[in-house]
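Student: This is what each chain is made of:
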Amino acid sequence: MTSAISTTALAKRYGRQWALRDCSLEVPEGRITALVGPNGAGKTTLLKLAMGLLAPSYGEIEVLGRSPQREPALVLARVGYVAQERPLYPRFTVSDTLRMGREMNSRWDDAGTRERLVKRGIPLDRQVRRLSGGEQAQLSLALALGKRPDLLLLDEPASSLDPLARRALLTELVDAVAADGTTVLLSSHLIADVERVCDHLVILSRGRVQLAGDIDTLREEHQMIVGPRMDPTAAAADPTVVSARHAERESALIVRRAGGLAPGGWRTEALSLEDLVLAYLENPIAGSRVPVPAAEVGS
Amino acid sequence: MVWMTWRQHRWEVALGLAVLVAFGGGVLLLTLLGWHLMGQIAGACPSTTPNPAASIAACADSTAEYQNGFQVGWQWVLIVGTAIPALAGVFVGAPLVARELEKGTHLVAWSQSVPRRRWFLARVGLVAGGAAAGAALLAAIGQGWFAMQRGTGDGLGGPSLWAGFEIGPPVVIAYVLFALALGVAMGAAIRRTVPAMAATLVGFVVVTVAVGGFARPHYLAPLTSRQSILGSFSSLVPSGSAPTSGPGFNLSSDWLVNLGIGNYTNAAGHPVSDATVNELLGQCNIPNDGGATTCPAAANGITQLLSYQPASRFWLFQGIEAAIFLVLAGALLALAYRLVMRLR
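Chains U and Z supply the protein sequences, listed in that same order.
Each residue of the first sequence is one higher than the one before, starting from 1 at the first, in the working numbering.
Each residue of the second sequence is one higher than the one before, starting from 1 at the first, in the working numbering.
Hints listed in this document are in silico derivations from the structure and should not be mistaken for laboratory results.
Please note that a few of the clues may not be correct.
[To be verified] With a Cα cut of at most 20 angstroms, we get these calculated EDC-like pairs of lysine to aspartate or glutamate: (1) K119(U) x E85(U); (2) K119(U) x D96(U); (3) K103(Z) x E12(Z); (4) K103(Z) x E85(U); (5) K103(Z) x E135(U); (6) K119(U) x D109(U); (7) K103(Z) x D96(U).
[What the hints assert, rightly or not] Examples of chain U residues lying across from chain Z (beta carbon under 8 angstroms, computed): (8) A83; (9) P87; (10) Y89; (11) M100; (12) M104.
[What the hints assert, rightly or not] Covered by chain Z, according to a simulated footprint, are these stretches of chain U (three or more residues, beta-carbon under 8 angstroms): (13) 126-137; (14) 161-168.
Even glycine gets a Cβ: it sits at the ideal position worked out from N, Cα and C.
Use the sequences and the hints to build the structure in full.
Tutor: Okay, structure coming up:
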């Protein structure tokens, strides 16, 4: 499978602060990939690097086979981007914003974009600053989709929206990209959104990739097993244990064992995606300790 | 980018035109006032000389009124004429990049298919073109005012070309482009709109005052001339009996760079001290009724060294000053371009 984004040892440093460090990952083409991690994990930095809005301090990044720094025109024409704050020109009307999209993008889909906004009941003659937060988010997404991108980068697309607006936005997103097979990389810290929309997952923490893979595969590989209390140091020493919680009489482990069965005396419990993600985020070393076979990355 | 630039700057275009129209209207009003005062002078001052003593006072009054009004008007035109380029830098140049960065909208602009390089060059280029057109209009208004004043002010201290140096067409256009480039560069460096506006205003005033005050007199070495010290009384004598020009120097068309106070010689060519000159001038009798000023005989023949730039150098100096400011503008835009491309 080819990659829409491919990074090798990518790093970004602001002064002495590392925003992203030794980051090597592949974002598969034609999929909706979630970039998950706590605040400050480097998600925004990674997306801006992919858009050429930042330059890497070290390492390489290729977007659709091109360097965003050296060939900005080729990358920009094929990649849509919505920044975290969803900036728009507040004094532009919705129509002005669409006109901007038409003027500044050669592959602009005027009719489709208009239809998308009208369908959502967004008045075209209204000033952007008078739109609700949800409508502004819709307009931002429409602007990014209107350039008919091969790759769509969304930084927290549904954050700070009420549940209805969030659902509407994500539905819009899934509908729009399903038809064209657009690759999407979206950052989020809302696992529920990720579960609804995404089929591939990258966990980023403290500027490093903790885990990457297809969500279905990752769920198959990971198990929550509960059994008699075991020695915490033994659990910590086991490379397949992602996280361990020890109660008085029981130990609950999240383990990564492809096709593995629970050992005798242990039972398997349901493992939600949220538990899985949190296990890696709470325990950042786990990701680097579990050796991920090279072929598996981004597969 | 043309539409985008127009959409983002259309209010500035409207406001700029309004300012120019107001300026042109003010200039026209001042001119009409000047003509009115001229009519009074013509009525009060008999055209033949020597003047009957009775009418001299009335003539002197209306002449003084015209000259005072003319002074105020001329200063007003010069101040506004040089303030407009500063306004262009502060209100158009400074926010151009700074407001985008401040509001985060650069992330929208720079994530469309137009690469950042083209975004910057097209936007700055179009705005600079518009500003240059506005500057040309401003220069035309200034020149119109100037021509009307010169046409009516003959013999009454009508302005020399040099008095309007700052609103000469090449210089005005260069000032506007410089102010704009300064604003864009300050905005890209400071990244905040209001501080960038303040820095632009301060920078523009400092640079224009420094160049005008220190560099301009020396674009070419000034010519020198010796002039009778009594010539400095000429403006008090309506009949113009005292000499206003020494050899080669003409007060009404040349730019007096330095009056050369302290560099006096007598008729024989020997140096005369400042104290002696002050004492002699203190003994001059200036009658209140408009009669001729009389000074001690010893004052006759004392001359001072003055340096000046002749009228023939005016357009050369305009070209030199315009070139200086265009080079500065180019350097500032190159800096702004580098800053914008490096913003990551």
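Student: Output the indices of the hints that this structure fails to meet, ascending.
Tutor: Violated hints (numbers, rising): 1, 13 and 14; every other hint is consistent with the structure.
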